[in-house]
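Take the sequences, apply the hints, and build the full model.
Just so you know, the protein sequences line up as chains A and B, in that order. Take 0 as the starting number for the first sequence in numbering that gives the first Met the number 0 and just add one per residue. Take 0 as the starting number for the second sequence in numbering that gives the first Met the number 0 and just add one per residue.
With a Cα cut of at most 20 angstroms, we get these calculated EDC-like pairs of lysine to aspartate or glutamate:
(1) A:K35 <-> A:E92
(2) A:K19 <-> B:D65
(3) A:K91 <-> B:D143
(4) A:K19 <-> B:E57
(5) B:K73 <-> A:E92
(6) B:K138 <-> B:E156
(7) B:K131 <-> B:D74
Some but not every residue of chain A turned toward chain B, in silico, with C-beta under 7 angstroms:
(8) A48
(9) A80
(10) A81
By construction, these hints were calculated from the structure, which means they are not laboratory data. Even for Gly, the Cβ is constructed at its ideal location relative to N, Cα and C.
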Amino acid sequence: MSNHDPDPEGLRRLETELRKARGRKKAHAEDRPPSKLGIAFRLSTEFVAAPFVGGAIGWGLDYLFGTAPVLLLVMFCLGIAAGFRNLLRAAKEMNTSDNA
Amino acid sequence: MEQFEIHTIVPLEIGGIDLSFTNSSLWMCIVVASISLFLTIGASSRALVPSRMQSLAEISYNFIADMISSAAGKDGLKFFPFVYALFMFVLFANLFGLIPFLHAFTVTSHIIVTLTLALVVFTMVIVVGVFKHGIRFLKLFVPDVPWYMLPLLTIIEVISFLSRPLSLSVRLFANMLAGHIMLTVFGGFVVSLAAAGGALSVLSIAPLLGIIGVSALEFLVAFLQAYVFAILTCIYLNDALHLHEH
Chain A
0 MSNHDPDPEG
10 LRRLETELRK
20 ARGRKKAHAE
30 DRPPSKLGIA
40 FRLSTEFVAA
50 PFVGGAIGWG
60 LDYLFGTAPV
70 LLLVMFCLGI
80 AAGFRNLLRA
90 AKEMNTSDNA
Chain B
0 MEQFEIHTIV
10 PLEIGGIDLS
20 FTNSSLWMCI
30 VVASISLFLT
40 IGASSRALVP
50 SRMQSLAEIS
60 YNFIADMISS
70 AAGKDGLKFF
80 PFVYALFMFV
90 LFANLFGLIP
100 FLHAFTVTSH
110 IIVTLTLALV
120 VFTMVIVVGV
130 FKHGIRFLKL
140 FVPDVPWYML
150 PLLTIIEVIS
160 FLSRPLSLSV
170 RLFANMLAGH
180 IMLTVFGGFV
190 VSLAAAGGAL
200 SVLSIAPLLG
210 IIGVSALEFL
220 VAFLQAYVFA
230 ILTCIYLNDA
240 LHLHEH
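As structure tokens, then:
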């Protein structure tokens, strides 16, 4: 078969076949849950990063205002809260993408 | 460990800053060259019935295009080149790190590389958000809560937003680092057991089988982490494009 003289009838048939196959593939892909390992790593890093960033901000502010270690502790706690916020948001995203 | 060491290949110093061409730079160049080669070969024939290379290139294109339109909507497709380049770079860097000879170097096993990539994404999200929404971009940090909760929750939202580049980069870097360390440790077991002599030498087959398993797992992780990096980029772009609509 040559690619250079397309036969319109055959092409149309190919197009409908392709569309059907794509539909099948899509349905199949949505049935499959995302990898458990991926979920675990995603959630753990989402949670751990926030307290670190919070602590770092607090440390920086302490250095600026000379209030060590008050702001470090406060911002670290807020960081933990932000970590939970990240965790819940990530879990919500995973739920919606599962059902979509 | 030797596999994570940076060697200078071509020393270069400009204005007191060490800009030497290292093995890390070399492998980044190899990665970029391979991606270009892969896509050039894939796109060269333009056949209706694709060859294998063309199929691979088309699959990678469709994969990213589907990912963006599902995670960031149709207007997210403007960022296709960015997300595609990011995905391919991370994927190829991860996979090339698994080559057991040639002194292969895993660029993504260094946090400075992944953090830079993550900061590019982060900056991009802010620029896109401010460009598209102006000052209203700051509404991203204002959750729908009673007024007396606002100050506290706004701080929490800001920390949560700022933690994104860190979690994005640490995830990729830690995965690659852990995998390679695991391979090294198992390899060490094989050598020391085999050298122990007698019955212990026979046992050295166990960590060897372990290495085979871990290597297979590493291929999965290499792909998975590139995927996670790309999809999170899409999700963050979605935040910047659509603010609270999602």
